[in-house]
Amino acid sequence: MPGTTQIPDETAVVLQAREGDAKAFSELVRRYENKIFRLAMHITQNREDAEDVLQETFLKAYEHLDQFQGNSKFYTWIVRIAVNQALMKLRKRKTDKTVSMDETIDTGEDTIAREIAAWDENPEQRYSREEMNEILTTAVDSLAPPYRAVFVLRDIEELSTEETAEALDLSIPAVKSRLLRARLQLRDKLTRFFKHKEDDAFAYM
Amino acid sequence: MLTCKEFLQELSDYLDENVDAEIRAKLEQHITECPNCWVVCDTTKRTIRIYKGMETHPIAPEIEARLLEALEKKRAAAKK
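Residue numbers (the working numbering), protein chains in the order written: chain A, 1 to 205; chain B, 206 to 285.
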């Protein structure tokens, strides 16, 4: 029966879409729109911009579908389009500041963990679903854009290091070092919410 | 014996299970001896795990409708 449990193979769906099958392209939109929107929200930090990015990404993908080489995953390909669209939005909005994935960032010292305290067994239980979402979003949104984009692609969207490097036009070592810093900074930020209460006054290092 | 700084440099790759056996052994040796790095390792691992389960942002129905409509227009224009 069509439309039941079986998920069609992506390569086949992309091929059908390239041949002009409207239903196949809609299937790709349905499959990835939520992820693309989440990614756009994290990069632009603005709902209206993210909605535009969502729209522009899929329109561009549709227009340039014939340029999609089967050697990377379709998802990586549209992520790359979405990242570019989102960065353009960001640049437009912050005309006084340049926003670039290549901007130089501090090296070395910020990898040192500041707040070292063990967490509760299940810190999530202290907060409602909405509160958790708020805590996680605020923390990730407070990262500098170059760290944020890498973290979002690697640890939220679960792209590989290679795919992230490809989507952001970065070298693999750059992805790795930004990911490490992003993870450590987030760990610091979350520690404030999740640490054992008794450990508050405990001095380390 | 690794320093804490060397440990932190390898932490991401360690958590991604992307280090060779020799480095892994050194890192694991370090966390048995350094409670601070053990905490950092454990809480970083949990940070990553928490974010993996993060919800997607719901798309407003009118935004999805706008997208599908725009695609339909492009399709119609291409057929002409």
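Wrong hints could be hidden among the right ones.
What the hints assert, rightly or not - Derived list of chain B stretches under chain A, where covered just means 3 residues or more per stretch with a C-beta under 8 Å from a C-beta of chain A:
1. 208–216
2. 229–238
3. 258–272
Claimed, not checked - Computed list of lysine-lysine pairs in DSSO-like fashion (alpha-carbon distance at most 30 Å, straight line):
4. A:Lys-189 - B:Lys-278
5. A:Lys-73 - B:Lys-231
6. B:Lys-231 - A:Lys-60
7. A:Lys-189 - B:Lys-279
8. B:Lys-278 - A:Lys-35
9. A:Lys-197 - B:Lys-284
10. B:Lys-279 - A:Lys-197
11. A:Lys-60 - A:Lys-23
12. A:Lys-73 - A:Lys-60
13. A:Lys-94 - A:Lys-195
14. A:Lys-195 - B:Lys-279
15. A:Lys-197 - B:Lys-278
16. B:Lys-279 - B:Lys-257
17. B:Lys-279 - A:Lys-35
18. A:Lys-195 - B:Lys-278
19. B:Lys-284 - A:Lys-189
20. B:Lys-231 - A:Lys-189
21. A:Lys-60 - A:Lys-35
22. B:Lys-250 - B:Lys-231
23. B:Lys-250 - B:Lys-279
24. B:Lys-250 - A:Lys-73
25. A:Lys-35 - A:Lys-189
26. A:Lys-195 - B:Lys-210
27. A:Lys-195 - B:Lys-257
28. B:Lys-210 - B:Lys-257
29. B:Lys-210 - A:Lys-73
30. A:Lys-23 - B:Lys-284
31. B:Lys-210 - A:Lys-23
32. A:Lys-35 - B:Lys-250
33. A:Lys-23 - A:Lys-35
34. A:Lys-60 - B:Lys-210
35. A:Lys-60 - B:Lys-250
36. A:Lys-60 - A:Lys-94
37. A:Lys-35 - B:Lys-210
38. B:Lys-257 - A:Lys-189
39. A:Lys-23 - B:Lys-278
40. A:Lys-92 - A:Lys-189
None of these hints come from the bench; they were simulated from the model.
Because the structure is a prediction, the values reported are computed rather than measured.
Where a beta carbon is used, it is the ideal one built from N, C-alpha and C, also for glycine.
Hints, one by one, checked against the model:
Counting residues of the region 208–216 of chain B whose beta carbon lies closer than 8 Å to any beta carbon of chain A gives 4, which reaches the threshold of three, so the coverage claim holds. For a cut-off of 8 Å, the count of residues in the region 229–238 of chain B with a CB near a CB of chain A stands at 0, and the three-residue condition is violated. Under the rule that three or more residues need a Cβ within less than 8 Å of chain A, the assignment of the region 258–272 of chain B holds, with 11 such residues. Between Lys-189 of chain A and Lys-278 of chain B the alpha-carbon distance is near 46 Å, which puts this suggested pair outside the 30 Å criterion.
With a CA separation close to 36 Å, the supplied pair Lys-73 of chain A and Lys-231 of chain B exceeds the 30 Å bound. For the hint linking Lys-231 of chain B to Lys-60 of chain A, the alpha-carbon distance of about 48 Å lies beyond 30 Å, and the restraint is violated. For a cut-off of 30 Å, the pair hint linking Lys-189 of chain A to Lys-279 of chain B is broken: about 45 Å separates their Cα positions. For the hint linking Lys-278 of chain B to Lys-35 of chain A, the alpha-carbon distance of about 24 Å falls within 30 Å, and the restraint holds.
Distance check on the hinted pair: Lys-197 of chain A and Lys-284 of chain B sit about 65 Å apart at the alpha-carbon level, beyond 30 Å; violated. Simply put, Lys-279 of chain B and Lys-197 of chain A have alpha-carbon atoms about 57 Å apart, too far for the 30 Å limit, and the pair is violated. This hinted pair checks out: Lys-60 of chain A and Lys-23 of chain A have alpha carbons roughly 17 Å apart, not beyond 30 Å. Restraint check for Lys-73 of chain A and Lys-60 of chain A: the C-alpha separation of about 16 Å stays at or below 30 Å, so the hint holds.
Among the hinted pairs, Lys-94 of chain A with Lys-195 of chain A is inconsistent with the structure: their alpha-carbon atoms are about 36 Å apart, more than 30 Å. With a CA separation close to 52 Å, the supplied pair Lys-195 of chain A and Lys-279 of chain B exceeds the 30 Å bound. Restraint check for Lys-197 of chain A and Lys-278 of chain B: not satisfied, since their Cα atoms lie roughly 57 Å apart, outside the 30 Å limit. For the hint linking Lys-279 of chain B to Lys-257 of chain B, the alpha-carbon distance of about 35 Å lies beyond 30 Å, and the restraint is violated.
Of the pairs offered as hints, the one joining Lys-279 of chain B and Lys-35 of chain A holds, with about 23 Å between alpha carbons and a cut-off of 30 Å not exceeded. Restraint check for Lys-195 of chain A and Lys-278 of chain B: not satisfied, since their Cα atoms lie roughly 53 Å apart, outside the 30 Å limit. Between Lys-284 of chain B and Lys-189 of chain A the CA atoms are separated by roughly 53 Å; this puts the pair beyond 30 Å, and the hint is violated. As the CA atoms of Lys-231 of chain B and Lys-189 of chain A are separated by approximately 28 Å, the hinted pair is consistent with the 30 Å bound.
Only pairs whose Cα atoms come within 30 Å are accepted, and Lys-60 of chain A paired with Lys-35 of chain A is accepted, the gap being roughly 17 Å. Among the hinted pairs, Lys-250 of chain B with Lys-231 of chain B is consistent with the structure: their alpha-carbon atoms are about 18 Å apart, no more than 30 Å. Annotation: proposed proximity of Lys-250 of chain B to Lys-279 of chain B is violated, straight-line Cα distance about 45 Å (limit 30 Å). Restraint check for Lys-250 of chain B and Lys-73 of chain A: the C-alpha separation of about 27 Å stays at or below 30 Å, so the hint holds.
Among the hinted pairs, Lys-35 of chain A with Lys-189 of chain A is consistent with the structure: their alpha-carbon atoms are about 24 Å apart, no more than 30 Å. Our distance criterion of 30 Å between C-alpha atoms is met by Lys-195 of chain A and Lys-210 of chain B, whose separation comes to about 23 Å. Note on Lys-195 of chain A and Lys-257 of chain B: the hinted pairing holds, with a Cα-Cα distance of about 20 Å set against a maximum of 30 Å. Between the alpha carbons of Lys-210 of chain B and Lys-257 of chain B the distance comes to roughly 26 Å, so the proposed pair stays at or under 30 Å and holds.
Taking the CA atoms of Lys-210 of chain B and Lys-73 of chain A, the gap is near 36 Å; set against the 30 Å cutoff, the hint is violated. The hinted pair formed by Lys-23 of chain A and Lys-284 of chain B meets the criterion: a straight-line CA distance of about 15 Å does not exceed 30 Å. Between Lys-210 of chain B and Lys-23 of chain A, the direct Cα distance comes to roughly 53 Å. Violation of the 30 Å bound is thereby established for this hinted pair. Of the supplied pair hints, the one linking Lys-35 of chain A and Lys-250 of chain B holds, its CA atoms being roughly 23 Å apart against a limit of 30 Å.
Only pairs whose Cα atoms come within 30 Å are accepted, and Lys-23 of chain A paired with Lys-35 of chain A is accepted, the gap being roughly 20 Å. For the proposed pair Lys-60 of chain A and Lys-210 of chain B, the alpha carbon gap of about 44 Å is over 30 Å, so the pair is violated. Note on Lys-60 of chain A and Lys-250 of chain B: the hinted pairing is violated, with a Cα-Cα distance of about 37 Å set against a maximum of 30 Å. Pair hint Lys-60 of chain A plus Lys-94 of chain A holds up; C-alpha atoms about 24 Å apart against a cutoff of 30 Å.
At most 30 Å may separate the alpha-carbon atoms for a hinted pair to count; Lys-35 of chain A and Lys-210 of chain B exceed this at roughly 35 Å. Taking the CA atoms of Lys-257 of chain B and Lys-189 of chain A, the gap is near 17 Å; set against the 30 Å cutoff, the hint holds. Proximity of Lys-23 of chain A to Lys-278 of chain B is assessed by CA-CA distance (about 14 Å); at most 30 Å being required, the pair is judged to hold. Note on Lys-92 of chain A and Lys-189 of chain A: the hinted pairing holds, with a Cα-Cα distance of about 29 Å set against a maximum of 30 Å.
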